[in-house]
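Given the coordinates of chain A, assemble chain B onto it according to the supplied hints.
Protein sequence lines, in the order shown, are assigned to chains A and B. Residue numbering for the first sequence follows our numbering, starting at 1 and increasing by one per position. Residue numbering for the second sequence follows our numbering, starting at 406 and increasing by one per position.
When the alpha-carbon atoms are kept at most 30 Å apart in a straight line, the in silico DSS-like pairs for lysine-lysine are as follows:
#, chain 1, residue 1, chain 2, residue 2
1, B, Lys543, B, Lys610
2, B, Lys498, B, Lys538
3, B, Lys458, A, Lys218
4, B, Lys770, A, Lys27
5, A, Lys27, A, Lys138
6, B, Lys432, A, Lys365
7, A, Lys218, A, Lys205
8, B, Lys623, A, Lys53
In silico negatives: residues of chain A with every beta carbon more than 12 Å from chain B:
#, residue
9, Val41
10, Arg68
11, Leu100
12, Glu128
13, Arg129
14, Ala135
15, Ala148
16, Val259
17, Gln373
18, Thr386
By construction, these hints were calculated from the structure, which means they are not laboratory data. Quantities reported herein were computed from a predicted structural model and do not represent experimental measurements. Think of the CB as a built atom: it goes at the ideal place given N, C-alpha and C, for glycine as much as any other residue.
Number of protein chains: 2
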Amino acid sequence: LNWQINEKSITAPCGYQAAAVSAGIKKQDGRLDLGLIYSEVPAIAAAQFTTNKVKAAPVLLDQEHLNRSRQECRAIFVNSGNANACTGEQGMKDSRRMALLASRILDIQPEQVLVSSTGVIGVFLPVERMELKEAELKASLNQDGLDAVSRAIMTTDTRQKVCTAESLLDGIPVRICGMTKGAGMIHPRMATTLAFVLTDARLSKPLLKKALREACDKSYNRITVDGDTSTNDTLAVLANGASGAREISGEDSDYRHFVEGLTGVCSSLARQIVRDGEGASKFIEIVVNGAPRQEDATQIARSIANSPLVKTAMAGEDANWGRILCAAGYAGVDFDPNRVSIWIGGLEVCHCGTGVVFDETRAQKILAEHDIQIVLDIQSGSASSTMWTCDLTHEYVHINADYRT
Amino acid sequence: LNWQINEKSITAPCGYQAAAVSAGIKKQDGRLDLGLIYSEVPAIAAAQFTTNKVKAAPVLLDQEHLNRSRQECRAIFVNSGNANACTGEQGMKDSRRMALLASRILDIQPEQVLVSSTGVIGVFLPVERMELKEAELKASLNQDGLDAVSRAIMTTDTRQKVCTAESLLDGIPVRICGMTKGAGMIHPRMATTLAFVLTDARLSKPLLKKALREACDKSYNRITVDGDTSTNDTLAVLANGASGAREISGEDSDYRHFVEGLTGVCSSLARQIVRDGEGASKFIEIVVNGAPRQEDATQIARSIANSPLVKTAMAGEDANWGRILCAAGYAGVDFDPNRVSIWIGGLEVCHCGTGVVFDETRAQKILAEHDIQIVLDIQSGSASSTMWTCDLTHEYVHINADYRT
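For reference, chain A alone in the conformation it holds in the complex (with noise of 0.2 Å):
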């Protein structure tokens, strides 16, 4: 890899600056609830969004931002504890609100700023706390502010996620960093979390786009926690160009270099996700080899990671591979089960679609690690494709049987 990457934490690119307060959204316990991330000069952005026909009002409002094309972006601005979700025309009156709140405290036009909220749904915004915290806010902006951000926009998530990412374009030092929240609801084709992704590299707007799509592609997604999908998933990142690096405007070696560094951090935050998934206590890989088209892969493979008799079986520790099979069985894709072989761990446990007889004693070992995974070989082309998700635990119906009470 041509990126040092750091999973630990946040170093903001040339040119950003960031802060985070309690402004009381979440509860009055003085947690972090409020970020604000800003370039201090016009970016390009680039946003990947739900596909829940029920979209929040910050996702609407930041969709028609993002339309104006001329207009570059300066500014994200966060909050939890409330989705501002099934607000009806209220919630768009909020949310923009929050953005002229940004608007205000940088500077800046409100159409230059995204807004983006997380946490209960159908509860009015309260805006007037929010605003309350305007001159706070701009005093607290900083470099070092990312920090305080991811730990801001947290709900149900355990421990913060943050990536940086580092390398060398045309000679000069290029950083990429994100952040991203998220433990439940969280599923394949790009739903349900939100991430900011932020780089001082230079790129035309259409490649922006092009390099977040594939980015995304192998990285958000490719995880599931329960399969549902969100009224609020954002995925958006900025290029700000400060780094002083010549523009990426073209599909060259400088552009792969760029996507590979922005793939690396994606897929680093995706993964974190899965590991701090809703009472999860295992991460599952699971790798399908051989299959015709790789939306065939894609498609068996999102099939055993979002069956409930699979992740029970793994939060058991039990070797059961019938329900693998049986969850790949109902994937909607053709294929011959007398030809599929099933490893868990590298102990192969079904040979051409019949059990073998394997070391119990082994796969114990295997599926008390935290780690697992598992692969499967139809034997029918030479496709692959790789999900990540995790074990379904008697954690995960504690903490969503009550997060609204």
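Just chain B now, with coordinates in the frame of chain A:
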């Protein structure tokens, strides 16, 4: 309703006998695990099987037997404790040997036997233990044996599931009875359960098939426990004409009358499965009204019924209607979220896409009930659909984490 329906007990229609024994397939603990159902006269058979690509040997064998269209059916032979799935060629041989055993006991052709298996996947079927029970099964056959068979097919079920419907056809008493098993791995689109329905009405084979499809669409295709589908699902119906009522040979009022009874039995059995859903503490009915087409209504209802976040909210007695709207939003159906209203147990919680201030005390009372009805009106047409599901509890995880071991 023109049928008297009894959900507490199963009474054989004319011309049927049954027996159940303990063959030590489940465990060596004396529980019933092998059942035989016999029609004294040749019967017409129809069946719906799992749509899973991975089909167990008994399903493949039954499909073969049913495709020999001139061959009438005489028996159903079923075991629990072992699904004979993912067992390759040996599995097919074992299922054939099972059919052969039943044919010897009853002095009929092996092709006149439908076999079914349910239980653990990927382990060879101990047919030799069944063969030791040949004499005992033969000696035990009697008209009251169906109750024992309905207990012999149970796996994680906590109670037996039976139904008997009676009416007059052509002035002559006719009966339809049924038994079913299944508590997890229940999914719409005819999947993941065993169900055997017997009647002494007389129908042509094409009409019996059509009647079964109609009944199934309003019963087994409307339930979901965890969205997984199995390798062994079978819903088989036998009609032996032993009542003496005249044959139903056209889609006349007698046919409609029969379909009504068959639907009543299948619907009762399907709802009994949901009520006994693995770890379920609640029975949830989801009604979607005002859809452009019935498929749309069903797809939205199914999406809500399968959402882990909705199901855990119900377990936690939390009126989290945002999750309901959110699950509707990713159903893949085009609708305007701003026209959707939602009621929980008759209490409106969301009006035209936005939350309404509702009486929390009343909501708590509604959610504390065992039976909960969720109604959505999407105000985009006049089509409706209903799905039945249960909540997702700690107990579900517990049951499924330790099933194989």
